[in-house]
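There are 4 protein chains.
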Amino acid sequence: MIVILKPDASEEKRSRLIGWLKEQGVEVHISQGAYQTVLGLIGDASHIDRDLVAGLDIVDSVKTVTEPFKCCSRRSHPDDTVVEVGGVKIGGGHFCMIAGPCSVESEEQIVAVARSVKASGAQLLRGGAFKPRTSPYDFQGLKADGLALLKMAGRETGLPIVSEVMAASDLPLFEDVDVIQIGARNMQNFDLLREVGKLRKPVLLKRGMASTAKELLMSAEYIMAGGNEQVILCERGIRTFDDCTRNTLDLAVVPVLHELTHLPVIVDPSHATGAAKLVRPMALAAAACGADGLMIEVHNDPLHALCDGAQALRPEEYDKLAGEVRRVRQVTAK
Amino acid sequence: MIVILKPDASEEKRSRLIGWLKEQGVEVHISQGAYQTVLGLIGDASHIDRDLVAGLDIVDSVKTVTEPFKCCSRRSHPDDTVVEVGGVKIGGGHFCMIAGPCSVESEEQIVAVARSVKASGAQLLRGGAFKPRTSPYDFQGLKADGLALLKMAGRETGLPIVSEVMAASDLPLFEDVDVIQIGARNMQNFDLLREVGKLRKPVLLKRGMASTAKELLMSAEYIMAGGNEQVILCERGIRTFDDCTRNTLDLAVVPVLHELTHLPVIVDPSHATGAAKLVRPMALAAAACGADGLMIEVHNDPLHALCDGAQALRPEEYDKLAGEVRRVRQVTAK
Amino acid sequence: MIVILKPDASEEKRSRLIGWLKEQGVEVHISQGAYQTVLGLIGDASHIDRDLVAGLDIVDSVKTVTEPFKCCSRRSHPDDTVVEVGGVKIGGGHFCMIAGPCSVESEEQIVAVARSVKASGAQLLRGGAFKPRTSPYDFQGLKADGLALLKMAGRETGLPIVSEVMAASDLPLFEDVDVIQIGARNMQNFDLLREVGKLRKPVLLKRGMASTAKELLMSAEYIMAGGNEQVILCERGIRTFDDCTRNTLDLAVVPVLHELTHLPVIVDPSHATGAAKLVRPMALAAAACGADGLMIEVHNDPLHALCDGAQALRPEEYDKLAGEVRRVRQVTAK
Amino acid sequence: MIVILKPDASEEKRSRLIGWLKEQGVEVHISQGAYQTVLGLIGDASHIDRDLVAGLDIVDSVKTVTEPFKCCSRRSHPDDTVVEVGGVKIGGGHFCMIAGPCSVESEEQIVAVARSVKASGAQLLRGGAFKPRTSPYDFQGLKADGLALLKMAGRETGLPIVSEVMAASDLPLFEDVDVIQIGARNMQNFDLLREVGKLRKPVLLKRGMASTAKELLMSAEYIMAGGNEQVILCERGIRTFDDCTRNTLDLAVVPVLHELTHLPVIVDPSHATGAAKLVRPMALAAAACGADGLMIEVHNDPLHALCDGAQALRPEEYDKLAGEVRRVRQVTAK
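Chains as they are written, first to last, in numbering that gives the first Met the number 0: chain A, 0 to 333; chain B, 0 to 333; chain C, 0 to 333; chain D, 0 to 333.
You may find that some hints are simply not true.
The list treats identical chains as interchangeable, and a pair is accepted whether it falls inside one copy or across any two copies.
Claimed, not checked - Within a straight-line C-alpha distance of at most 35 Å, the following computed DSBU-like cross-link-like pairs (lysine-lysine) qualify:
(1) Lys69 / Lys88
(2) Lys62 / Lys117
(3) Lys200 / Lys21
(4) Lys130 / Lys117
(5) Lys5 / Lys213
(6) Lys130 / Lys62
(7) Lys5 / Lys130
(8) Lys200 / Lys12
(9) Lys21 / Lys333
(10) Lys276 / Lys213
(11) Lys333 / Lys200
FYI, nobody ran anything at the bench for these hints, they're computed from the structure. Keep in mind that this is a model prediction, so the values were computed, not measured.
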């Protein structure tokens, strides 16, 4: 850790700060420049509260020399991580199409959607069994039954499956789920992150609605610090003043994350926009800016078929889009 | 539920929607106005996905007639809820001062701070034992040991204690903690909310950094739906573009919440601003606009004493502020 | 205008509101439904303050039946507007590449950049002469001299030119400027909008940093209401909590605007991201999601050449990107 | 200006940067520390583009040693500025109540409101004659006629008047207006700021909806750099994701600004919240946290009288509030 003092820091306060730092068990190297005094902390400074020091009135700023993210940093691991799941590769040039309904509703529904998206080239099947709902009175998903149906559809089609876990205590039910999804609202549920860090299967970690790229990486770090290195990051829109879409899809975070980390980065245009008609343009944009995959909602239920509905695509719309995404990838992938 | 159709909705799509709604087990009353067709759903419509219907292209908007929050709504319960904890009352005209250090660090520290804030008029002692930290490498709190020290300080001073829980599996450790705090990052950890809903002790629920007032109430509803009606809401700043403070303290939410709910609403100016020098003006403002209490960080450690530090107040600063808050309450409380 | 009353609106208040509305010179048609009372205002209601009515405690919501944007609405003008400038077409399937330096600095600089971007396929030359700077002490642009140099470079290369105007009183200097740019900070400078509405030359209107899509269209409407129908809209990033880029590029607004309006929509990835390395991915994404053009900063000055600098591309980077953009257009343009 | 280089900056790039800086006419003092190389620029560096240098890939950060705000900085002018207008003082312990209708509508209306607010203790009369409206089709104010009526009401009651100017070309009409208001949408209309900087009468500068405290100060600096030192800053809410009020009132900016600047800071709770029932609690909060004044909308028109309307207070509500504000000031003013 490096502590840069303010030019007008008094000698007395400076000494007291240096004394306190030494009491914490680090050596302090003082570098006196013409414009600034810089304190270099030598030794293990990890237990010293960075914010506490940064808040002192004689301190200009604090810099951490060692990367705050150790496992997920591109610096420590220059090559792209390729996550493998049931023969499907994600990252490092391997683009992955994940598709399926928002919620698993019935055997008929999930199997039909699974077959359809597989035929269109999807490599993973998604489906929600435990649904994070703002209201306790809204449908919370079919839970264990939903997972069972999803597994059945996975077996039927040979597609590996992805589903969201909301509580550490439900993890035993996810034994046969190929990729564990952590939703945006749980991105900083550190307890849950630690638990999935103990697993040895891929985790799809969605960015929180008000989280920065660095906070997303820190949450990935919680998982990786436990030894689970198969983390897939997912941008799904952030919360802003903007009301033209449900959330604001922040595509620039894709190249920003690719610079900071070796982990694959996918995009969910369905939840980000909340509108089927915006899924196509945003999916193409995500493919063009280098995303490693797309997670898209596809439905086949009668209400949706009734009209152009909500955020899910009809199977034929998804099929057309999948082809376009492949063509964009052909002309933009490095 | 009321579904307002668009003026140009085709007869055919309208019939199909009505058919689908009936299949869901509700009766549909059609009210044909000069400008709009309104479908009134009669019967239990709680399993019908509001967002799904609202997203259809023939639907203008969907309104829920029954309050989405049943337990916490002011409409269903006009009188203020007064939460009681160890003889201390919060809400319904009872103003509560909660104070203590950010983290419990040692017996000496927590007991000294507890004595000091009690002498200044604080009625509850706060102290973090499980700390939600963005980085897995940062200090995570003293955990069970921290809780033990906090309880000791509570017994020593007679102050009931408040501490944050981060995982349902840790709840057994909180048996002697008087008020369970749910932090901002866990405001939509629905599993944890359900678990504390099974308790019969007060829960202090902090607003998420990107949560609306209605989402905060929905999270309170998760707790109350479990039978635990002792919920205290806490505004602690939201995330905005604004960089002059750590978060933007949204004081208008205090009267907004008081209109919507009967639950007490307190304010945490320490975390919201992240700066000791802003705690006083924001605490006075919160008292002036009708908050039911204040949660303020107070420290007595040498690094802070060294300079004006970070977000915690020195005991003597807190003492002065407590007096000012009382005077503001005298001239503003209705 | 349609006024939807709350279910519990008292008869007395209802009558008073209806009376007041009639005094404003409109007829009021009362449609009494089973669930809601709807007042339909017949006649010219344009002088009635929508917000005022919406704020009344007996009013649930107010809807404007006639489009709030008359000239720029897709509904009133289904075909895409194609803006033409010096033989270059923008919109309606015509994609336009606009490039040039942030500021005009010298004859040598602007001519060199103009030649270079023309060779790469750019069709319009941009260059700032009047610079909106947060600080009055920062470089404010070469002003009239800058415009003269820009015109010279335009003549030399045959490229039409684009430059930003900041004050109505400077408009006479822009007589030979082919496209007048209104910057993000002036998007709601209604006086300036009205003035450029009197011109008969294309206006490039940038979205304000905290403006919604509808507010952008309303500002276009100010220009078009004056009779100037050649408006090009430009997304350039919005202000959010997110700190990984200077602004958050909101690409979903491109298809949203295309649905609402017939005006062309271009994207400026340089100002949005503030980082040269992000310009390429965001430019490709913008092309993929259907933007009608790109405005990109290109430099050839020694400081930038020194290292990978700030937000402008080097000529060779721009050349490569222009080719990629064309290929993305080939596979995505409808 | 101080340029802090990254630890891994190559010798060659470093030399090239230093060479370029010298070409710009400054001397460069190199301070080589153990952890960082710091370049100190000696001489006038004001024409060097800070952002350009900060964006270079070998540069860690750039710091400006001299305050970016010269005239409005507390450092350069430690004592509070007291703005005087017609015998009324604002700032430096003088609290100012500004009140009046949103728009001037008629002689009867403005005179009645003026008399009423004067009786309640208001010291300045506000009233809009030029209204910034999102839509060109909305009521734009009575313009010159509105100003004439406002002046008449001012003369009648002896209250100095405040009104918003939207274009430099309208300034001649404001000759007898005592305080010129610059609205939030024009906070970065630098041309208009420069024009009011040439006047020698108080300017009330409202914070832009997406502007930081420093940007607000920079805009004040534009006015003061022209020689007009009578600037009153006004917080009126910022744009955030939060939908419980029209804008999010950022009260913490009041003490933040008081630390950074000597200029008075007032608060407009009417526009910030958009709801009459929130004006009282937010006005009391603003007074409690040290604001130097309040600008509040008061109406006496029949539609508002009809129900609790929109954002303006009834005269009797304002009267009661004014008394409460005085009592809060008595117990909180330092």
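- What are the numbers of the hints the structure violates, in ascending order? Of the numbered hints given earlier, those the structure breaks are 2, 3, 8, 9, listed in rising order.
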